[in-house]
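Listed below, chain by chain, are the residues.
There are 2 protein chains.
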Amino acid sequence: MENIEQHVAFMRMAIELSMQNVSECVGAPFGAVVVKDGKLVAKSANRVVAANDPTAHAEISAIRLACLSLNTFDLSGCVIYTSCEPCPMCLGAIYWSRINTIYYANTKADAADFGFDDKFIYDELDKPMEERMLPVVQMLRDEAVAAFKLWETSPMRIDC
Amino acid sequence: MENIEQHVAFMRMAIELSMQNVSECVGAPFGAVVVKDGKLVAKSANRVVAANDPTAHAEISAIRLACLSLNTFDLSGCVIYTSCEPCPMCLGAIYWSRINTIYYANTKADAADFGFDDKFIYDELDKPMEERMLPVVQMLRDEAVAAFKLWETSPMRIDC
Numbered sequence: 077m078e079n080i081e082q083h084v085a086f087m088r089m090a091i092e093l094s095m096q097n098v099s100e101c102v103g104a105p106f107g108a109v110v111v112k113d114g115k116l117v118a119k120s121a122n123r124v125v126a127a128n129d130p131t132a133h134a135e136i137s138a139i140r141l142a143c144l145s146l147n148t149f150d151l152s153g154c155v156i157y158t159s160c161e162p163c164p165m166c167l168g169a170i171y172w173s174r175i176n177t178i179y180y181a182n183t184k185a186d187a188a189d190f191g192f193d194d195k196f197i198y199d200e201l202d203k204p205m206e207e208r209m210l211p212v213v214q215m216l217r218d219e220a221v222a223a224f225k226l227w228e229t230s231p232m233r234i235d236c
Numbered sequence: 077m078e079n080i081e082q083h084v085a086f087m088r089m090a091i092e093l094s095m096q097n098v099s100e101c102v103g104a105p106f107g108a109v110v111v112k113d114g115k116l117v118a119k120s121a122n123r124v125v126a127a128n129d130p131t132a133h134a135e136i137s138a139i140r141l142a143c144l145s146l147n148t149f150d151l152s153g154c155v156i157y158t159s160c161e162p163c164p165m166c167l168g169a170i171y172w173s174r175i176n177t178i179y180y181a182n183t184k185a186d187a188a189d190f191g192f193d194d195k196f197i198y199d200e201l202d203k204p205m206e207e208r209m210l211p212v213v214q215m216l217r218d219e220a221v222a223a224f225k226l227w228e229t230s231p232m233r234i235d236c
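Protein chains in written order, with our numbering: chain D, 77 to 236; chain L, 77 to 236.
Excised from the complex, chain D in its bound form:
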């Protein structure tokens, strides 16, 4: 790992966000920082309760702020420091954002030990759809595929 001091400083920033979120009674103990070329782009703690938004985990909130700051939906060239291994939602968001590297501290097993459901959701995603706790029903596929066919001919067809 190059620039170890820099990595440590940004991860400590993420950890500090996670601590502060609890000590200030804002929300759950998670923080994340997005960095590009060694410079801070955006940072956030978990904002689920504060924003009434179940998707406002620290990583997703930091990604949204980074996109706002850089005026793009493509964070290629950025890295993320997160105080905990991302849940499947946040891991998916990191892939879609094209972030280059994830640095994390606590594991999903640590999160599970303290009552967070990350591991449960990982376990669910590992199961075939029909064995999951959450019922899933397919319908009208024949009608829906028309939108994909329309997309094929769209002048707007860019990689999104």
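For the record, the hints were derived by calculation from the structure and aren't laboratory data. The hints are all genuine.
It does not matter which identical chain is used: a pair holds within one copy or between any two.
Here are the computed lysine to aspartate or glutamate pairs in the EDC-like style, where the Cα-Cα straight-line distance is at most 20 Å:
#, residue 1, residue 2
1, Lys225, Glu100
2, Lys195, Glu206
3, Lys195, Glu228
4, Lys225, Asp193
5, Lys225, Glu92
6, Lys112, Glu81
7, Lys115, Asp150
8, Lys115, Glu81
9, Lys112, Asp150
10, Lys225, Asp186
11, Lys115, Glu92
12, Lys225, Asp189
We have chain D already, so just place chain L on it with the hints.
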């Protein structure tokens, strides 16, 4: 499936959003609708390009709007109709939101056939972390766990 006509009407609404998003050159061919007790709560198409937000898939956007409308981060009792099988990010968001049932039309394989990366991300999540395309590095776990310990004593400790 009870109330088949109602299910068909809401799924057609999701499909219409996916078609309209392409025909109006707003974004990718995906739409989602959140419903509670047979009534529409929120609906959205994919807003990634329009909002410069890689997390603004149709399902996540509809969930955020539903939470805003119902003034809660807990969508228990709601169901979601989505024009395509959710990607791991959106599936995670659906779990965190506590939505009760997913109705979907196109499959992730259909999405892959038309150039969308959902299946790639599913495949990545199935691999052990060290075999994924996206580099992941653990560091400072000993320092980060302090936030979880602080959380255990927080008066704010509610299920979030």
